[in-house]
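2 protein chains.
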Amino acid sequence: MITLTEILKNRDKYFTINFFNTLSGFRSVWMAGTQNNEGIKNLGLFNSLVHVGSQPPLVGMVFRPQTVPRHTLENIYSYGLFTLSSVSMSLIDRAHRTAEKFGRHEDEFELLGFTPFYFPNHPDVPAVAESPLKILLRYRENHLITTNQTIFIVSEILNVAIVDSEGINSDGSINHEYYDHAVISGLNDYYSAAFLKSKFDKTARP
Amino acid sequence: MITLTEILKNRDKYFTINFFNTLSGFRSVWMAGTQNNEGIKNLGLFNSLVHVGSQPPLVGMVFRPQTVPRHTLENIYSYGLFTLSSVSMSLIDRAHRTAEKFGRHEDEFELLGFTPFYFPNHPDVPAVAESPLKILLRYRENHLITTNQTIFIVSEILNVAIVDSEGINSDGSINHEYYDHAVISGLNDYYSAAFLKSKFDKTARP
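Residue numbers (the numbering used here), protein chains in the order written: chain A, 12 to 217; chain B, 12 to 217.
FYI, nobody ran anything at the bench for these hints, they're computed from the structure. Fair warning: there could be bad hints in the mix.
Because identical chains share one entry, a pair is satisfied inside a single copy or across any pair of copies.
[As the list claims (entries may be wrong)] Pairs of lysine-lysine, BS3-like flavour, derived with a Cα cap of 30 Å:
#, residue 1, residue 2
1, K52, K112
2, K210, K24
3, K24, K112
4, K20, K210
5, K52, K208
6, K208, K24
7, K208, K112
Full structure from sequences and hints, please.
Given below as structure tokens:
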């Protein structure tokens, strides 16, 4: 048994950041797609997606303030709509590069070799055609975390595009192993996932 | 390619809930440990933990309003401190039962056969001794999501207890496969994870 004081003793800032970044464990990884007023397409890597509700369908994302520039957040505020595209195993290397700092006038789709995908009636918000699962979202509300100036954004799911329906189970749940989705821990550690079991419990929280 | 209208066509409420619950993908799974004013210990299952910051170390969690009673949230508000205990493969079946609705006067540690673990100087907030990784937290702020009355809680990490240090990498990141941590999707689907690769990128967001 080891506790925090021993774990961080004589360790530098990067060790501490990596420790806390990975402490909260496994999560999904997504590319957020936006377009700015000049039509420049942007992609950003996000690992903080969290389910907020089903009726209406809502998700939340954390935007860190410490790092600039925040093209994705600026574009979401100015346009209102954005996309999330899932990262499957074969996309990890290219998807991870969307976390790099490109210039405001660089089209990250072109730079990284991704094909833009557009939802019906929404030709201004690009998703990644190569991703098995894409979500179209509308920004709904933001919350400033006063303790560290982080922003929690809540968005409504307007549409979903899935490459095929084979990975949608009969109960509506998605088999993410079927779509070969990657698991991430922190900002850099990628894992693969294998389906183990479904523990349906009719008394569990809906 | 299939989109939302086709996916949900002629489907019932439960299909829709399962679909949106699993849409946001993989995440970690935790048991939240609290104790009420009468000393009754409570455990609740949470899959919404999200990293909010490293300095100070902060995490966020989503609490759904639709489901009653909310023992964990009441106890967090009244006492301020709570714990999170990780769910490893061998604990899945028992940990999943913490999502059931037990009475306010039932000690979930006793009922489910878990051993209470207490952090130094904090004999009033129980964690699960059987978990490889336990976190002691202090409630900091809450945010009401006005769209659906969900609550986003931000808490500060006060201490961490890890069963051994072998799974802490030299850069500070945690190898969650070493600790046999489970992956969850939605509220019922469990996966195992295998480490794939670490993509360190010095230009990436810290």
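Structure-based check of each hint:
{"no.": "1", "hint": "K52 / K112", "verdict": "within (14 Å within a copy, 47 Å between copies)"}
{"no.": "2", "hint": "K210 / K24", "verdict": "between (40 Å within a copy, 19 Å between copies)"}
{"no.": "3", "hint": "K24 / K112", "verdict": "within (21 Å within a copy, 42 Å between copies)"}
{"no.": "4", "hint": "K20 / K210", "verdict": "between (40 Å within a copy, 26 Å between copies)"}
{"no.": "5", "hint": "K52 / K208", "verdict": "between (39 Å within a copy, 28 Å between copies)"}
{"no.": "6", "hint": "K208 / K24", "verdict": "between (39 Å within a copy, 22 Å between copies)"}
{"no.": "7", "hint": "K208 / K112", "verdict": "between (39 Å within a copy, 22 Å between copies)"}
Violation of the numbered hints given earlier is absent; every hint is satisfied by the structure.
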